[in-house]
Amino acid sequence: MSRWSRGGRPAERNWHCASRALAGALLCLMPAAAIAALFSISPIRTDLDRQNKTDSITISNDEAVRKIEMQLKLSLWTQDENGNDVYTDSEDLVFFPRIFSVEKQDQRVVRVGLKVPAVGTEKAYRLFFEEQPPAPDSSKSSAQVAFVLRFGVPVFVRVDNGLALGSIDGIESTPSGLAVIIRNRGNQNFQIQSLSIKSPAGLDKVIIGGYVLGGGAKRIPVPIPMALCKNLKTLRIIMTTDTIGTIDRDFDWDAGRCGKP
Numbered sequence: 001m002s003r004w005s006r007g008g009r010p011a012e013r014n015w016h017c018a019s020r021a022l023a024g025a026l027l028c029l030m031p032a033a034a035i036a037a038l039f040s041i042s043p044i045r046t047d048l049d050r051q052n053k054t055d056s057i058t059i060s061n062d063e064a065v066r067k068i069e070m071q072l073k074l075s076l077w078t079q080d081e082n083g084n085d086v087y088t089d090s091e092d093l094v095f096f097p098r099i100f101s102v103e104k105q106d107q108r109v110v111r112v113g114l115k116v117p118a119v120g121t122e123k124a125y126r127l128f129f130e131e132q133p134p135a136p137d138s139s140k141s142s143a144q145v146a147f148v149l150r151f152g153v154p155v156f157v158r159v160d161n162g163l164a165l166g167s168i169d170g171i172e173s174t175p176s177g178l179a180v181i182i183r184n185r186g187n188q189n190f191q192i193q194s195l196s197i198k199s200p201a202g203l204d205k206v207i208i209g210g211y212v213l214g215g216g217a218k219r220i221p222v223p224i225p226m227a228l229c230k231n232l233k234t235l236r237i238i239m240t241t242d243t244i245g246t247i248d249r250d251f252d253w254d255a256g257r258c259g260k261p
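Using our numbering, read the sequence shown as starting at 1 and increasing by one per residue.
Worth flagging that the hints you see were computed from the coordinates, not collected in a lab. Among these hints, one or two may not hold up.
Unchecked claim - Label-pair ranges, simulated between beta-carbon atoms:
1. Ser101 with Arg45: 22 to 30 Å
2. Leu76 with Ile99: 19 to 27 Å
3. Gln132 with Asn231: 46 to 54 Å
4. Val94 with Asn161: 21 to 29 Å
To be verified - Listed next, the in silico BS3-like pairs over lysine-lysine satisfying Cα-Cα at most 30 Å (straight line):
5. Lys73 with Lys115
6. Lys198 with Lys260
7. Lys230 with Lys260
Bear in mind the structure is a predicted one, so any value in this text is a computation, not a measurement. Heads up, the beta-carbon is just placed ideally off N, CA and C, and yes, glycines get one too.
With the hints as extra help, turn the sequences into a complete structure.
Encoded structure:
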């Protein structure tokens, strides 16, 4: 189970604490504030296919004082030529209930199901859980600010004989450093768990890369200080994934490329 908090990002322990500190600061600055609820979702990913046409997702309201109101929206998930996520409203899947409430310290189960199997290449969606803002408290005359939560559960519709074929295609210079090009020539997604960029000159960075959809590519920026960039001669890129293991590749680097788009 994964816990999620403000802004729809994974609430890792440190980030979660930072969110509470920020909320406290906002409360100091504003006369009144309605702080977003805390909820958890399990699982945080689901896969459908011809054999497994339905699945369930459980949302838990971890609030001790109030219920939360939720709305579900489905988006087709694609990636553009730079690997940026693109979301388009969709009705390709069955999902219900679409609007519901979860009482404090309680749970609700959401069902999601397949209408038509994918053909050729896996199809990707995100089922967004959107908290609805609470009604304003009429007993308070001061300004009220509501923070609401939004989190998209990845839903993949797999194809028969699906296969992810990942590669480190190359590196490009950017004004702030470089970018690593990751490509998926398969018909099924894979997730970059970590992308490590190393050099004997002292560069040692680890980046979380996200998903690369079937048939897609991702351009991952790597900020590098100019002084360090000019000392680089070779780079070693190591990509660790969820399904296709670890891939590594070595590159030569021309310091004259530093700072150039």
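Okay, the hints, checked on the actual structure:
1. Taking the beta carbon of each, Ser101 and Arg45 are about 25 Å apart, inside 22 to 30 Å as hinted.
2. The hinted range of 19 to 27 Å is satisfied by Leu76 and Ile99, whose Cβ atoms lie roughly 21 Å apart.
3. A hinted range of 46 to 54 Å for the beta carbons of Gln132 and Asn231 is consistent with their spacing of about 53 Å.
4. About 25 Å separates the C-beta atoms of Val94 and Asn161, a value consistent with the hinted range of 21 to 29 Å.
5. Restraint check for Lys73 and Lys115: satisfied, since their Cα atoms lie roughly 16 Å apart, inside the 30 Å limit.
6. The straight-line distance between the Cα atoms of Lys198 and Lys260 is roughly 20 Å, inside the 30 Å bound, and the hint therefore holds.
7. Restraint check: the Cα-Cα separation between Lys230 and Lys260 comes to about 12 Å, which is no more than 30 Å; the hinted pair holds.
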